[in-house]
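> Please put together the full structure from these sequences, using the hints given.
In terms of our numbering, the sequence shown has 23 at position 16, counting the first letter as 1, and numbering is strictly consecutive.
These are calculated hints, taken from the structure and not from any lab test.
It is possible that some hints are incorrect.
Label-pair restraints from in silico Cβ distances [to be verified]:
id, residue 1, residue 2, range
1, K60, Q27, 12 to 22 Å
2, R32, K60, 18 to 28 Å
3, V11, L55, 38 to 48 Å
4, S29, K60, 35 to 45 Å
5, L30, P57, 12 to 22 Å
6, K15, K60, 12 to 22 Å
For glycine and all other residues, C-beta sits at the position ideal for the given N, C-alpha and C.
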Amino acid sequence: MAEVNHRKLMSNSFNKLHEQLSLVRSHIESLDDPTARKLMESMEFGLLAPMRKLRIHLDIPYDWHEKKLEMMETA
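Here you go:
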């Protein structure tokens with residue numbers, strides 16, 4: 008049970024990271040600065056790819072609530 012709780016907390020944290028990254032991206036896009044856009048894209052690739060690999064390795068769903076619904080439907 009504790010492991011499931013840790014995974015849920017990690018899923019929520021990953022989601023918050025993703026939301027904040029999206030906010031930064033929207034601000035960068037409003038600057039109309041090509042260099043900033045390229046740097047932002049580089050930062051996203053550098054962060055999102057390893058984050059996805061970690062989620063997969065730990066079997067942490069992208070959206071914990073969707074995973075919970077799937078588990079309830081198959082039970």
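> Now tell me, hint by hint, if it's right for this structure.
Results of checking the hints against the structure:
Separated by about 20 Å at the C-beta atoms, K60 and Q27 satisfy the suggested range of 12 to 22 Å. Distance hint for R32 and K60: a CB-CB separation of about 21 Å, consistent with the stated range 18 to 28 Å. A beta carbon spacing of about 25 Å between V11 and L55 contradicts the range 38 to 48 Å that was offered as a hint. Between S29 and K60 the beta carbon distance is about 20 Å. The supplied range of 35 to 45 Å is therefore violated.
Evaluation of the 12 to 22 Å hint for L30 and P57 yields a pass: the beta carbon distance comes to about 20 Å. Separated by about 19 Å at the C-beta atoms, K15 and K60 satisfy the suggested range of 12 to 22 Å.
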